[in-house]
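Read off the chains here:
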Amino acid sequence: MEKIKTTVVGSYPVDIEILNHVKGYFNQKVVTWDKYIESAVKDMIDSGLDIVSDGQTRDPFVNIFTRKLKGCRLRDRTEIIGKIEYSGPITIDDQKYVKKIIPKNKKLIGLLTGPYTLTNSCVDLFYKDEKEIAFDFATALKQEAKLLEKYVDIISIDEPFFSMGIPEYGKELISIITKDISCPTRLHVCGDISNVVADILEMPVEILSHEFKASPKIFDSFEQYNIKKNICLGSVRSDKLFVEPVEDIIDHIRKGIEIFGDKITQLAPDCGQRMLPRAVAFEKLKNLVKAGEIIYG
Amino acid sequence: MFSFTKEQKVFDISGIKIGGQPGVFPTVLIGGLFFKGEPDFNSAEEQIKNMLNLSKKLANPSITDFFIRKEEFIENILDFIVKKYPKNHPISIDIIEPDLKIKTLEILDEKKLLSRTIYNSIHVGITPEEQDALKNHTPNAAIIVAFNPKDKSPDGKIEILQNGANLIDTGLLELTNKIGIRNVLIDTAAMAPGDYSGAAIASIPVIKEEFGFPTGCAIHNVVEKSKWLDDFKSARKPVDASSNANIPLFGGDFAIFGPIHNSDIVFPIITWQDILISEYVENYFGVLPDDFHPRRKLI
Numbered sequence: 000m001e002k003i004k005t006t007v008v009g010s011y012p013v014d015i016e017i018l019n020h021v022k023g024y025f026n027q028k029v030v031t032w033d034k035y036i037e038s039a040v041k042d043m044i045d046s047g048l049d050i051v052s053d054g055q056t057r058d059p060f061v062n063i064f065t066r067k068l069k070g071c072r073l074r075d076r077t078e079i080i081g082k083i084e085y086s087g088p089i090t091i092d093d094q095k096y097v098k099k100i101i102p103k104n105k106k107l108i109g110l111l112t113g114p115y116t117l118t119n120s121c122v123d124l125f126y127k128d129e130k131e132i133a134f135d136f137a138t139a140l141k142q143e144a145k146l147l148e149k150y151v152d153i154i155s156i157d158e159p160f161f162s163m164g165i166p167e168y169g170k171e172l173i174s175i176i177t178k179d180i181s182c183p184t185r186l187h188v189c190g191d192i193s194n195v196v197a198d199i200l201e202m203p204v205e206i207l208s209h210e211f212k213a214s215p216k217i218f219d220s221f222e223q224y225n226i227k228k229n230i231c232l233g234s235v236r237s238d239k240l241f242v243e244p245v246e247d248i249i250d251h252i253r254k255g256i257e258i259f260g261d262k263i264t265q266l267a268p269d270c271g272q273r274m275l276p277r278a279v280a281f282e283k284l285k286n287l288v289k290a291g292e293i294i295y296g
Numbered sequence: 000m001f002s003f004t005k006e007q008k009v010f011d012i013s014g015i016k017i018g019g020q021p022g023v024f025p026t027v028l029i030g031g032l033f034f035k036g037e038p039d040f041n042s043a044e045e046q047i048k049n050m051l052n053l054s055k056k057l058a059n060p061s062i063t064d065f066f067i068r069k070e071e072f073i074e075n076i077l078d079f080i081v082k083k084y085p086k087n088h089p090i091s092i093d094i095i096e097p098d099l100k101i102k103t104l105e106i107l108d109e110k111k112l113l114s115r116t117i118y119n120s121i122h123v124g125i126t127p128e129e130q131d132a133l134k135n136h137t138p139n140a141a142i143i144v145a146f147n148p149k150d151k152s153p154d155g156k157i158e159i160l161q162n163g164a165n166l167i168d169t170g171l172l173e174l175t176n177k178i179g180i181r182n183v184l185i186d187t188a189a190m191a192p193g194d195y196s197g198a199a200i201a202s203i204p205v206i207k208e209e210f211g212f213p214t215g216c217a218i219h220n221v222v223e224k225s226k227w228l229d230d231f232k233s234a235r236k237p238v239d240a241s242s243n244a245n246i247p248l249f250g251g252d253f254a255i256f257g258p259i260h261n262s263d264i265v266f267p268i269i270t271w272q273d274i275l276i277s278e279y280v281e282n283y284f285g286v287l288p289d290d291f292h293p294r295r296k297l298i
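Order-wise, the sequence lines are chains A and B.
No gaps in the numbering here: position 63 of the first sequence is 62 in numbering that gives the first Met the number 0, and each next residue is one more.
No gaps in the numbering here: position 78 of the second sequence is 77 in numbering that gives the first Met the number 0, and each next residue is one more.
In case anyone wonders, no lab produced these hints; they're calculated from the structure.
A portion of the hints provided could be inaccurate.
[As the list claims (entries may be wrong)] Taking lysine-lysine and the DSSO-like style, the derived pairs with C-alpha atoms no more than 27 Å apart in a straight line are:
1. A:K22 x B:K69
2. A:K22 x B:K55
3. A:K82 x B:K149
4. B:K5 x A:K95
5. A:K98 x B:K149
6. A:K28 x B:K69
7. B:K149 x A:K22
8. A:K22 x B:K177
9. A:K22 x B:K35
10. B:K35 x A:K28
11. A:K127 x A:K67
12. B:K134 x B:K16
13. A:K69 x B:K56
14. A:K34 x B:K149
15. B:K5 x A:K127
Using the sequences and the hints, build the whole thing.
Here's what the structure looks like:
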């Protein structure tokens, strides 16, 4: 069996030394964010993952993008106050930095928060038309994707809001981003996706990533389809402090193999690990890697 | 020129009014002492006297910002305030290290100075121990520094005030309110040149319109760090002093103008600016200056 890749969905916990930044401010010295990215990446590498991310250390996954897109302003929730447009690289500098610090045998995943999720996470004070917002977000994200493809080995689009229903234009939104992108693309939809599996299987991406550990019933939903896409199997929970033993993860992967066979190409946590204590997140990744090695060699 | 739609708070801090719509109250000028070396109390006494005289002549209120860098300076500086600083006049206590802040709060309380203390400052690096100390020894007022390490734009500064930018559990305004400090001054956090330094000025009207609190900054810090000015030595001081004129021009309420020995040049600049603004806002918005505004006194 071909060795599958262990990876992450996106975020990783980080301890920000706030006082250090404040002292930098009082002394008028710029304190960079590099050490936080480095600590997240180091954990991912030390755990043995094949594909690492930048850890999304700067912000929650919505704010990372809305902070830098024209037309958005951050308040308690992001407010849309003008036409959404790309105004320059969002995650590129961090990805370039990660590329520089990881060993050559490790791969890098670029992360985009999906246009539908961004749309539903913001308060609209400008458009009054959800579809128009989503398409403008998609167009802006496409520009980020075109830059990302130069530096990363795969691009993942995170669309948790699809689990609550995919709009009739959902496929078109994703295709705006993935069309003509030279690296493989992945769509991550966490939550219970039982009701939207048929639509998800039609999405214009190479890999589908889901929360199989927290929602094992979605195995059954996939079972009725002839799966042609590759699968990233969520195999440890991102919402529980309990560290799953290796044997438990092995059982879970075997269940996945029963449904998906050799379509499983990636193993990952169920979702971003940002909310977990760092030590727990690290142990989960280590056990995930060990389980993958035992099954796939 | 600005007139804000949001109701503007005005605080009376130990006799000095601060805040409100542009053109009503004069800009409060905060001059600093003891930034470096051993505190020189003889010189400090002279400098304070000079600043207070300028306040009297020009009608711009002044407050001394006492910088405390070491534990061994706390007692001496606070004793100096008790003995030599005008009774009941507000003081700003400016400390960076959290442990030193906690210790100083205790002694401010012992010396019965808290009722006229402006605590400089509350920021995103506040520790739980510092919060407890502030609850036990609550000063009259606090300066909140709207520094957001993630985002130095005006929106980033609003974010840190409103929700803590996911760096702390609540926004700095709510946190300060929970501590029990009601008189809040917002410092828009001037950054180094090239690092969004202009956002400190641009943020003043944005923050006043959003929250209505008295707002200002230490924009002179940007001048201090502008290395290219080294080639224009004679201009450095005028540029430093005049940078403060941006604050009232953008609707701000106070200027933390740096070393107190710059008072002679800073005060006339700001007085002139306040008069100009007052004339304009009265003509355009019908906003009248307070009875003690420089325009009433000098024109």
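Exercise for the section: Given the hint that B:K35 pairs with A:K28, test it: the Cα-Cα distance must not exceed 27 Å. Expected result: Holds - the C-alpha atoms of A:K28 and B:K35 are around 18 Å apart, at most 27 Å.
Exercise for the section: Given the hint that A:K82 pairs with B:K149, test it: the Cα-Cα distance must not exceed 27 Å. Expected result: With Cα atoms ~23 Å apart, A:K82 and B:K149 stay inside 27 Å; holds.
Problem - Agreement of A:K22 and B:K177 with the hint, judged by alpha carbon distance not exceeding 27 Å - result: It holds: about 24 Å lies between the C-alpha atoms, which stays within 27 Å.
Exercise for the section: For the pair we were handed, A:K98 and B:K149, check the Cα-Cα distance against 27 Å. Expected result: 22 Å, holds
Handout entry: Restraint check for B:K5 with A:K127, where alpha carbons must lie at most 27 Å apart
Key = 26 Å, holds
Handout entry: Hint consistency between B:K5 and A:K95 [alpha-carbon to alpha-carbon, up to 27 Å]
Key = 43 Å, violated
Handout entry: Pairwise hint evaluation, B:K56 against A:K69, where the allowed Cα distance is 27 Å at most
Key = 48 Å, violated
Exercise for the section: Starting from A:K127, check that the Cα of A:K67 is at most 27 Å away, please. Expected result: 21 Å, holds
Problem - Agreement of B:K149 and A:K22 with the hint, judged by alpha carbon distance not exceeding 27 Å - result: Distance ~15 Å between B:K149 and A:K22 Cα, so the pair holds.
Problem - Agreement of A:K22 and B:K55 with the hint, judged by alpha carbon distance not exceeding 27 Å - result: 36 Å, violated
Problem - Pair hint B:K134 and B:K16, alpha-carbon separation not exceeding 27 Å - result: Holds, at about 24 Å.
Practice task
Below or equal to 27 Å on CA atoms is what counts here, so check A:K22 against B:K35.
Solution key: Holds. A:K22 to B:K35 sits at ~16 Å (cutoff 27 Å).
Violated hints for the displayed structure, listed by number in ascending order: 2, 4, 13.
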